[in-house]
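Undergrad: Using the sequences and the hints, build the whole thing.
Protein chains in written order, with the working numbering: chain A, 109 to 441; chain B, 109 to 441.
Think of the hints as simulated: they come from the structure by calculation, not from any bench.
Beta carbons: idealized from backbone N, C-alpha and C, even for Gly.
Fair warning: there could be bad hints in the mix.
Residues from chain A that face chain B, not an exhaustive set, calculated with beta carbons under 7 angstroms [as the list claims (entries may be wrong)]:
#1 GLY156
#2 SER187
#3 ILE213
#4 ALA235
#5 THR340
#6 THR406
#7 LEU408
#8 LEU433
Protein chains: 2
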Amino acid sequence: MTATTALPIAVLCGGVGAARFLSGLVRVVDPARVTAIVNVGDDAVFHGLHVSPDLDTVLYTLAGMVDETTGWGVRADTSHVQEALARLGRDTWFRLGDADLATHIHRTALLREGLPLSGVTERLRRAFGIGATLLPATDDTQATMVRTDDGWLAFQDYFVRRGSRDVVREVRFDSGTRPAPGVLAAEVRFDSGARPAPGVLVAIAEAEVVIVAPSNPIVSIGPVLAVEGVRTALVATAATIVAVSPIVGGQALKGPAAAMLASLGHEVSAAGVAALYADFLDVLVIDEQDADLAPRVTALGVRPVVAPTIMRDAAAKAALARAVLDAARAHGG
Amino acid sequence: MTATTALPIAVLCGGVGAARFLSGLVRVVDPARVTAIVNVGDDAVFHGLHVSPDLDTVLYTLAGMVDETTGWGVRADTSHVQEALARLGRDTWFRLGDADLATHIHRTALLREGLPLSGVTERLRRAFGIGATLLPATDDTQATMVRTDDGWLAFQDYFVRRGSRDVVREVRFDSGTRPAPGVLAAEVRFDSGARPAPGVLVAIAEAEVVIVAPSNPIVSIGPVLAVEGVRTALVATAATIVAVSPIVGGQALKGPAAAMLASLGHEVSAAGVAALYADFLDVLVIDEQDADLAPRVTALGVRPVVAPTIMRDAAAKAALARAVLDAARAHGG
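TA: Have a look at this one:
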């Protein structure tokens with residue numbers, strides 16, 4: 109075993125921001141060191157097919173197949189099936205390209221055969237030739253639900269169908285056992301968390317560095333933290349834990365994180381992010397334009413590190429990965 | 109109600125030959141008079157999706173969408189999903205175009221929601237703007253199995269994957285109840301037939317004319333006849349029953365019917381077809397080149413009618429439909 113593979117890195121991930129960060133990380137370290145633990149709280153079933161948007165975004169990004177302009181989906185994908193589904197009268201507000209649909213068809217078939225989502229994800233990882241390990245946070249079902257003034261909505265309903273326009277009053281994660289093969293209805297357990305997928309807690313416990321990717325703290329990292337044992341493992345691990353703030357200059361680089369933090373009573377800033385992770389976080393990488401927030405991060409017991417965090421191109425992604433690893437080394441060493 | 113809609117026509121159907129015949133029939137009579145009772149013995153599940161090849165061939169043909177060169181599939185369909193499924197390592201010997209896949213995705217989703225196949229078929233009929241009524245022969249599962257020198261094979265395995273090259277020693281139809289929503293494994297009942305879908309027996313009983321389309325008598329019409337009550341209903345109906353021989357000049361116009369009849373010990377001729385249907389058949393339309401077989405058909409108690417039966421173009425399809433209806437009228441009147 110080489111020195112590089114001996115020091116594992118675990119990354120808690122949402123979708124686009126995390127995938128972009130990971131694509132930089134695997135350019136600066138051996139991908140075999142990297143375990144991505146990916147949110148599945150926004151998984152959904154469309155047309156009977158199991159869609160895992162964040163896992164797919166990470167898969168397509170690391171496979172070099174992602175549509176760079178959107179950050180998700182397969183580049184230059186067609187939508188012939190979706191057009192035909194629309195002609196059959198089906199709701200097609202969730203865009204599913206043809207190559208993308210093949211992933212969902214394959215995933216759904218394997219789940220129905222009884223493979224857990226982690227096993228399916230491993231098969232997809234290998235098929236796409238990805239060197240990093242990808243783990244769903246849980247093999248159980250976990251449904252991110254948001255309460256709006258129109259009531260509780262499933263995440264994709266809020267996020268895609270209604271375009272994140274609703275004010276989010278509350279967020280919860282409904283978990284349940286994934287149905288056994290031959291059984292479609294899952295038992296939803298409102299009163300307890302989803303169980304971690306095999307490898308998740310070990311990856312956190314054995315990591316040299318745990319990175320919290322620049323993803324929405326509430327609905328991307330939040331479901332991962334809600335998985336049973338994850339938060340405890342983060343508090344307990346000997347790893348240095350470094351997060352990258354997804355809030356820059358008081359705004360989210362992508363998605364509804366800023367409005368959501370505000371409506372849920374959190375400060376919309378890197379300091380607000382630090383507060384959400386303060387119980388386990390060692391270092392928060394904040395953008396240069398937020399340098400003045402450093403003392404407030406420090407006051408929360410988190411070491412601030414100022415670096416350029418906007419991932420404009422491949423070089424910037426790699427530079428951010430290096431900055432995160434340098435920050436971890438400086439803290440740990 | 110007009111006179112034309114008052115006199116219903118039921119058509120027992122396989123795939124391509126039946127679909128071509130139906131496309132002629134609905135040009136010469138009000139489609140609202142026509143009920144197609146379609147074989148589902150060669151239905152199969154690919155990638156977790158329920159495919160009904162004969163129903164789809166009839167749907168696409170009557171919708172004017174069929175690929176005329178193959179006789180099945182959607183004209184000018186792409187295969188982007190299939191190419192992506194192949195990249196994921198899935199078996200793709202059964203060709204599934206993109207628009208075609210939308211049908212299977214939709215059907216599978218509706219079946220999983222608990223709609224019977226007949227209900228799904230009615231939804232597809234309406235979505236495709238088809239005037240004729242389409243019924244699966246059964247809402248139960250029914251699997252045509254063929255015994256070859258390599259053992260029992262599922263029909264599509266024999267037909268598509270192995271290219272109909274095996275000698276067929278025996279044919280059976282395994283039926284079972286379609287799984288309830290939430291349950292995937294069907295209980296297979298080897299000892300009893302599939303139950304007729306709602307409307308099937310009524311369509312036969314109330315028809316003025318029942319037509320047996322020019323389809324493979326063993327594996328296309330055979331499974332329909334094996335549905336509980338269908339053969340009895342054919343014997344009992346007051347309708348005139350007219351079949352079109354799918355064997356012309358000792359050969360099948362399409363598919364493995366000739367070799368299959370021979371290996372199963374039947375005569376490979378229009379007379380052989382007459383023998384298979386003799387217990388319920390009134391009239392057999394045989395091709396002009398088989399005119400010399402007329403006495404042998406008569407000897408089986410079936411009235412032979414000689415007509416051009418090769419459906420080279422739309423005019424020939426309509427002419428054949430007219431010839432069948434004329435033969436029925438001459439017999440019944």
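Undergrad: Now tell me, hint by hint, if it's right for this structure.
TA: Cross-check of the supplied hints:
Satisfaction of the interface hint for GLY156 (chain A) is found here, the shortest Cβ-Cβ separation to chain B being roughly 4 angstroms, below the 7 angstroms cut-off. For SER187 (chain A), the interface hint is violated, since its Cβ never comes within 7 angstroms of a Cβ in chain B; the closest pair sits about 9 angstroms apart. For the restraint placing ILE213 (chain A) at the interface with chain B, the shortest Cβ-Cβ distance is roughly 5 angstroms, inside the 7 angstroms limit, so the hint holds. Of the supplied interface hints, the one on ALA235 (chain A) holds, with its beta-carbon coming within about 5 angstroms of a beta-carbon of chain B, less than 7 angstroms.
A least Cβ separation of about 35 angstroms between THR340 (chain A) and chain B goes past the 7 angstroms threshold, and the interface hint is therefore violated. With its C-beta approaching chain B no nearer than about 48 angstroms, THR406 (chain A) sits outside the 7 angstroms limit, and its interface hint is violated. Below 7 angstroms, beta-carbon pairs count as interface contacts, and LEU408 (chain A) has none with chain B, the closest being about 45 angstroms; its hint is therefore violated. The interface hint given for LEU433 (chain A) is violated, since its Cβ lies 33 angstroms from the closest Cβ of chain B, which is over the 7 angstroms cut-off.
Comparing the model with each earlier hint shows violations of hints 2, 5, 6, 7, 8; every other hint is respected.
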